[in-house]
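K.L.:
Let the hints inform the model, and build the full structure from the sequences given.
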Amino acid sequence: MSAPAMARILLIEDDAELGAQIVATLRRAGYDPTWWRTGRHVDPSTLAGLALVILDLMLPDTYGMDILKELRSASEVPVLVLSARNDTADKVRALKLGADDYMTKPFWPEELIERVRARLRRPVLSRVIERVELGRLGLDVATRAAVVDGTPVELTRVEFELLVALARRPGIAVTRTWLAEHVLPPGRDGTERTLDVHVSRLRKKLGSGVRIETVWGIGYRLSTEGT
Amino acid sequence: MRLRTRLAVATLAVTAPMVLGLMWLDGRARHRAAEFVLGDGTARRLQDPELRARCEAAPASWGKPRLRPPPAGARARHPGHAPGPPGGTPPLLYAYDERLVSTNPDAPALDPALRRALDADHDTYPLPARWYHDDVLVLVRTPWATGPCAYVLARGTTSPGFLGALLPASRIWLLPLVAVMIAILVAVGPVIARIRRLTAAVRRTADAGFAHDVDIGGRDEVGELARAFDHAGREVRAQLAAKDQRERALRDFLANTTHDVMIPLTVLQAHLATLREHLGRGTPADPAVLTSAMDEAHYIGALLHNLAVTAKLAAVDPGLLEGQVDLNALVARVVSRHAPIARQRAIALEHAVPDAALTTTADVTLLEQAVSNVVYNAVRHNRTGGHVALILERRDDDRFRIRVIDDGPGIPPEQLERLFERGQRGDQARTRAPDGQGLGLDIATRVARLHGHDLRFGPSEFGGLQVDLEGPLRAAGDDQDEPSSRRSDSITSA
Numbered sequence: 001m002s003a004p005a006m007a008r009i010l011l012i013e014d015d016a017e018l019g020a021q022i023v024a025t026l027r028r029a030g031y032d033p034t035w036w037r038t039g040r041h042v043d044p045s046t047l048a049g050l051a052l053v054i055l056d057l058m059l060p061d062t063y064g065m066d067i068l069k070e071l072r073s074a075s076e077v078p079v080l081v082l083s084a085r086n087d088t089a090d091k092v093r094a095l096k097l098g099a100d101d102y103m104t105k106p107f108w109p110e111e112l113i114e115r116v117r118a119r120l121r122r123p124v125l126s127r128v129i130e131r132v133e134l135g136r137l138g139l140d141v142a143t144r145a146a147v148v149d150g151t152p153v154e155l156t157r158v159e160f161e162l163l164v165a166l167a168r169r170p171g172i173a174v175t176r177t178w179l180a181e182h183v184l185p186p187g188r189d190g191t192e193r194t195l196d197v198h199v200s201r202l203r204k205k206l207g208s209g210v211r212i213e214t215v216w217g218i219g220y221r222l223s224t225e226g227t
Numbered sequence: 001m002r003l004r005t006r007l008a009v010a011t012l013a014v015t016a017p018m019v020l021g022l023m024w025l026d027g028r029a030r031h032r033a034a035e036f037v038l039g040d041g042t043a044r045r046l047q048d049p050e051l052r053a054r055c056e057a058a059p060a061s062w063g064k065p066r067l068r069p070p071p072a073g074a075r076a077r078h079p080g081h082a083p084g085p086p087g088g089t090p091p092l093l094y095a096y097d098e099r100l101v102s103t104n105p106d107a108p109a110l111d112p113a114l115r116r117a118l119d120a121d122h123d124t125y126p127l128p129a130r131w132y133h134d135d136v137l138v139l140v141r142t143p144w145a146t147g148p149c150a151y152v153l154a155r156g157t158t159s160p161g162f163l164g165a166l167l168p169a170s171r172i173w174l175l176p177l178v179a180v181m182i183a184i185l186v187a188v189g190p191v192i193a194r195i196r197r198l199t200a201a202v203r204r205t206a207d208a209g210f211a212h213d214v215d216i217g218g219r220d221e222v223g224e225l226a227r228a229f230d231h232a233g234r235e236v237r238a239q240l241a242a243k244d245q246r247e248r249a250l251r252d253f254l255a256n257t258t259h260d261v262m263i264p265l266t267v268l269q270a271h272l273a274t275l276r277e278h279l280g281r282g283t284p285a286d287p288a289v290l291t292s293a294m295d296e297a298h299y300i301g302a303l304l305h306n307l308a309v310t311a312k313l314a315a316v317d318p319g320l321l322e323g324q325v326d327l328n329a330l331v332a333r334v335v336s337r338h339a340p341i342a343r344q345r346a347i348a349l350e351h352a353v354p355d356a357a358l359t360t361t362a363d364v365t366l367l368e369q370a371v372s373n374v375v376y377n378a379v380r381h382n383r384t385g386g387h388v389a390l391i392l393e394r395r396d397d398d399r400f401r402i403r404v405i406d407d408g409p410g411i412p413p414e415q416l417e418r419l420f421e422r423g424q425r426g427d428q429a430r431t432r433a434p435d436g437q438g439l440g441l442d443i444a445t446r447v448a449r450l451h452g453h454d455l456r457f458g459p460s461e462f463g464g465l466q467v468d469l470e471g472p473l474r475a476a477g478d479d480q481d482e483p484s485s486r487r488s489d490s491i492t493s494a
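First to last, the sequence lines map onto chains A and B.
In this text, residue positions in the first sequence follow the working numbering: the first is 1, and each later residue adds one.
In this text, residue positions in the second sequence follow the working numbering: the first is 1, and each later residue adds one.
Derived from the structure by calculation, the hints contain no laboratory data.
No residue lacks a Cβ here, since even glycine has one placed at the ideal position from N, Cα and C.
One should not assume that every hint holds.
Over the 10 Å line for every Cβ pair with chain B, so calculated as not near, a few chain A residues [claimed, not checked]: (1) Leu50; (2) Pro109; (3) Glu133; (4) Ala145; (5) Leu184; (6) Gly187; (7) Asp196; (8) Lys204.
Examples of chain A residues lying across from chain B (beta carbon under 7 Å, computed) [stated by the list, open to error]: (9) Trp35; (10) Trp36; (11) Ala84; (12) Thr88; (13) Val92; (14) Glu110; (15) Gly150; (16) Ala173; (17) Thr175; (18) Glu213; (19) Ile218.
P.N.:
Here it is, written out as structure tokens:
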């Protein structure tokens with residue numbers, strides 16, 4: 001999943017060591033971080049063009065909460081709050097003041113990036129899409145047509161439904177139970193086994209162009225790698 | 001103020017105004033009667049034509065002679081209120097002319113305006129009484145109404161002596177009043193004695209650290225008070241014992257915890273030193289050392305979070321700060337927390353959540369820590385190349401289920417049993433048991449119970465452990481966002 005090109009992120013963190021590490025991490029991940037070592041007055045012009053604010057609550061005082069309040073009054077930019085205290089009251093208060101997400105220390109750099117990405121990801125309105133274009137795969141839900149690398153692929157009704165179900169949440173594992181309940185026609189026995197058979201046939205028909213991964217303990221996932 | 005004094009004062013405060021009020025009413029009644037008799041008697045006497053001649057002959061000295069006793073009719077209408085004798089001064093008469101001026105030097109000065117009051121329609125006019133004075137003054141117009149004896153002022157008394165206007169003639173009324181007060185003060189004596197004994201007994205008990213009961217017997221209110229003290233004392237003893245136990249547990253816990261944090265910290269230090277050494281010698285660092293170092297750091301982080309949660313759970317009755325919890329987000333956070341360490345150890349950590357977010361009502365920190373502990377347990381005890389899956393599902397009956405499965409070594413049934421027992425006893429002294437199933441799962445068990453969630457451990461079909469956490473989904477339409485503090489009675493921890 002690629003991050004938006006050089007998304008600007010404002011980091012407000014008073015600890016020099018941690019701040020420097022976060023800045024380096026963000027830069028490596030392809031973001032454009034600005035680092036404030038102290039909380040200062042935020043005016044709307046500073047916030048213009050920002051994709052995200054990472055705010056250390058700087059506990060134990062409530063200074064961070066004040067900044068959060070000010071940020072929220074000036075802009076709708078998403079705010080990810082960092083806190084050393086794993087405390088429900090703090091989280092609730094931060095969320096109430098308009099924070100979008102929070103992370104408790106300690107965290108791994110990867111974890112931070114994952115959460116930043118999750119914040120910046122555009123919400124996918126998967127329920128209403130009628131056409132899916134996913135790398136080499138093309139699906140038209142209305143006409144039940146599947147295309148791989150421009151070549152139409154003949155799919156049964158169940159196989160098509162299965163592929164649509166996976167394609168609506170690309171890269172996300174879907175449980176076999178859910179698929180069996182929502183994709184297979186009702187009233188057949190051995191449903192999850194039947195599902196495996198359908199997946200196996202589907203894989204053969206799609207060839208190497210589209211990868212349906214088996215997710216251990218869960219079910220299946222349409223791979224987004226290489227798209 | 002002592003109880004007896006307080007009682008005496010209270011009795012006085014209630015009775016004195018009442019007695020005074022009654023006296024005042026009685027005094028007024030007597031005064032009225034005296035006025036009537038005096039006015040009536042004087043008017044009758046003035047019917048005598050000889051009287052006019054005597055008065056006009058010497059108005060300055062007239063009026064000394066006694067009046068005759070009032071007629072029987074007047075006496076009968078106002079029994080007991082006759083002015084004058086016995087014992088009192090006889091009524092006096094003073095003559096005034098038409099302008100209400102008297103030549104008698106002893107006559108009181110009168111306001112000429114009184115004449116109008118008299119002329120209106122009455123022949124007699126009683127002068128206003130003064131509450132502290134027993135004088136009764138009645139102004140009477142003579143039938144001829146001219147000359148130096150046009151008006152006559154009759155002066156009598158209600159009763160003789162000091163405060164004659166106020167105090168009734170007989171002092172018998174004092175008897176019941178005094179008797180009531182004495183009875184009250186006598187009756188309260190034994191009660192006060194019992195209260196004193198109770199005070200002494202409570203002091204003795206308190207001095208002995210509430211070790212024995214306050215025993216003064218009796219079935220009255222004081223006895224009940226003693227039993228209430230006993231109850232309070234027992235409660236205090238229980239609280240003190242619980243506090244002692246908590247303190248002891250906390251001390252043990254802190255000691256064990258310090259030990260448990262020191263171990264991974266020492267391992268971490270050793271790993272870092274090894275890496276530094278490799279770097280110094282220019283030899284490539286062993287990735288396994290690095291992974292292990294990260295593992296230990298991760299473990300310390302998890303441990304410290306668990307310690308904070310344990311401190312909260314260790315409270316006898318932890319208050320849950322409940323609010324709306326997005327379970328999809330919670331699962332994502334847990335996975336993103338442990339994914340780096342799982343990746344390092346080549347363990348596949350997968351997760352699945354429903355398309356639409358599931359929400360429940362819970363204390364987000366506690367619930368997240370519980371799920372995090374189960375997942376971390378599965379990751380930590382798995383082998384390289386192992387799998388861990390975390391699945392959030394909606395159940396048919398408006399409940400959610402978070403299932404964590406792994407293909408690690410699992411936990412033998414008897415150890416699972418022990419895990420539950422420990423959770424039940426709330427014995428959190430060991431944070432890192434030799435079998436590796438320590439504080440984390442214990443916390444998960446207790447958090448689940450606190451929320452009323454079902455937490456089940458069992459073997460997974462892949463050979464490892466399967467942990468199911470089930471609870472109610474947030475009811476539709478329940479859109480309050482404020483977290484509410486709930487105090488749970490279902491959990492008691494020693």
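K.L.:
Each hint should be assessed against the structure and marked as holding or not.
P.N.:
Status of the hints after comparison with the structure:
1. Leu50: Holds, since 22 Å exceeds 10 Å.
2. Pro109: 8 Å, violated
3. Glu133: 20 Å, holds
4. Ala145: 24 Å, holds
5. Leu184: Non-interface label stands for Leu184/A: nearest chain B Cβ at 17 Å, farther than 10 Å.
6. Gly187: Fine: 18 Å to the nearest Cβ keeps Gly187/A off the interface.
7. Asp196: 15 Å, holds
8. Lys204: 24 Å, holds
9. Trp35: 23 Å, violated
10. Trp36: 25 Å, violated
11. Ala84: 10 Å, violated
12. Thr88: 4 Å, holds
13. Val92: OK, holds: Val92/A within 7 Å of chain B, min 5 Å.
14. Glu110: 4 Å, holds
15. Gly150: With Cβ-Cβ at 29 Å, over 7 Å, it is violated.
16. Ala173: 4 Å, holds
17. Thr175: Status holds, d = 5 Å.
18. Glu213: 10 Å, violated
19. Ile218: 5 Å, holds
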